[in-house]
Amino acid sequence: MSALRARKEKRASTLYLRHPAALRLTHWFNVIVLSVMLGSGLQIFNAHPALYWGKTSTFDRPFIELTYDYNADNQPIGVTRIGSLEFNTTGLFGYSSERGRGFPTWLTLPSYQSLASGRRWHFFFAWAFVLNGLAFFIWALARGHLRRDLLPTLADFKKLPHTIVEHALFRFPKGEEARRYNVIQKLTYLFVLFVLGPVIVLTGVTMSPTLNAAYPFLLDIFGGRQSARTIHFLCAFGFVLFFFVHVALVIVSGLFNNLRSMITGYYRIETGGER
Amino acid sequence: MSEQEKPSRRKFLKGAALAAGGAALSGCGDAASRNKAVQKTLASADAVNNPLQHFLAGKNGLAREFSEKDISPVFRANGSVNPRDAEYRGHALEGFENWRVTVDGLVDNALDLSLADLRAFPSRTQITRHDCVEGWSCIGKWKGARLSAILDAARPKREAKFAVFHCADTLGSSRYYESVSLPDARHEQTILAYEMNDAPLDIPHGAPVRLRVERMLGYKHAKYVTRVELASSLETFGRGKGGYWEDRGYAWYAGI
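Protein sequence lines, in the order shown, are assigned to chains A and C. Mapping to numbering that gives the first Met the number 0: the first sequence position 144 is 143, numbers consecutive. Mapping to numbering that gives the first Met the number 0: the second sequence position 120 is 119, numbers consecutive.
These are computed hints drawn from the structure, not numbers from a lab. Each hint should be verified, as a subset may be incorrect.
Stated by the list, open to error - Straight-line distance between alpha carbons at most 25 Å, and here's what the computed DMTMM-like set of lysine to aspartate or glutamate pairs gives:
1. Lys68/C x Glu97/A
2. Lys68/C x Asp219/A
3. Lys58/C x Glu97/A
4. Lys142/C x Glu64/C
5. Lys13/C x Glu97/A
6. Lys39/C x Asp29/C
Claimed, not checked - Chain A regions said to be covered by chain C (calculated; three or more residues, Cβ under 8 Å):
7. 110-116
8. 157-169
9. 221-229
As the structure is a prediction and not an experimental result, all values here were calculated from the model. Heads up, the beta-carbon is just placed ideally off N, CA and C, and yes, glycines get one too.
This is chain A alone, in the form it adopts within the complex (with noise of 0.2 Å):
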């Protein structure tokens, strides 16, 4: 009887296409540029590992700053200031290895410090990154992928307390209606895609002396090229947030089923019914 159900169950489910080649390729491809981006960038940062707002650094007082002090016994500690708070995160940030250090070892490429390095992994990977954008983007425009499945419609908005409920409490969509994105994915999607990605990229470019010649209004937009440098940095930290809440969901709204989508292109569906 119940084999018998099973197999029912297994018949009345459907695969079909829910990620193009180009889709998967670009997708992985970022997973890649985007590690070295993100251990790079953290070897400059350690270079100077302070924040500020602005067109200057005002090194007595950072927006963030992961350094390092003596406790009352001495002992060197990590210290991370965001503005007026103070935490002590000796062995992860300000203090880690038995130095001063920003991150740590194994956040940064390469693990030892060595801002040239990190520079020129950042500066070669940062054309990866760009091109691997750009070549998304017009495939998406031109395959309809951003219309058809990330523009958010008017029934995706009128749903959206009903998804977000569904969301904490751990309810995924199932049947047809998994078909589609629902709306807090198209929305997350399209930040990431329209927000994250183009300001990081043009804070990087605010950081440029020379481009600043050539583009000062970028300046202008982003309040200086130390509030560039913040901005830049809490892009990079969107990403990480985006990354783990990206993999919690696919972990638990079906890894099999969603790592298969994104490794070969095919998501299942249940199609209901007894058919």
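Following the hints, position chain C against chain A.
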């Protein structure tokens, strides 16, 4: 006892597995970072970035200039901040009154300039932002002789492609030096500065003469300049990469 050991052992094994995974990844990144062929490939991006940035900025595009109120109250100094070279110390004791800047190499009219001579050249005053390769920025006011006017007087030969700046300070075990292309040397904002914030340049910031080449990162702005040599190639200087920090891995174009 074994009960107590269990969680810590599990924790240890988990930690070890994580560390091994992390080490394998970062070991891979470190090996690639030490590999000459990989680094050469990565540095090949400079061959695109340099001409592209210069094309976009244009030959005459200006670095932003700021107002007096933007001047940083504390302007950090990096690299050499108090050269210990005997010759430099001697000049410092004399208040730099016998400092000379020679302009030679591939020129028709070599120059040997005193500070008074430098001050006699057309000058430029500019309030600009200084961007250190480390990531910080400070704004300062600079006054100096326009390098284009000095070059006009020295008359570079046709084959001269670079201006190489020799400095009086030893950093680590090598003399500091820098170089820029002739178009960058002739840029309107490129000056041999002798004043900072309306006062004679102080020692941490390059007394008595430093280069300001505003569209580039801080390490290009050679301090304690004694000689400007016009050259057709950078290969014979230092380790051949065009500057002290370039010899140690930074990009020559220094545009980002």
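Now for the hints, and whether the structure bears them out:
no.	hint	in the structure
1	Lys68/C x Glu97/A	violated, 41 Å
2	Lys68/C x Asp219/A	holds, 17 Å
3	Lys58/C x Glu97/A	violated, 47 Å
4	Lys142/C x Glu64/C	holds, 13 Å
5	Lys13/C x Glu97/A	holds, 23 Å
6	Lys39/C x Asp29/C	holds, 15 Å
7	110-116	holds (count 6)
8	157-169	violated (count 0)
9	221-229	holds (count 3)
Violated hints for the displayed structure, listed by number in ascending order: 1, 3 and 8.
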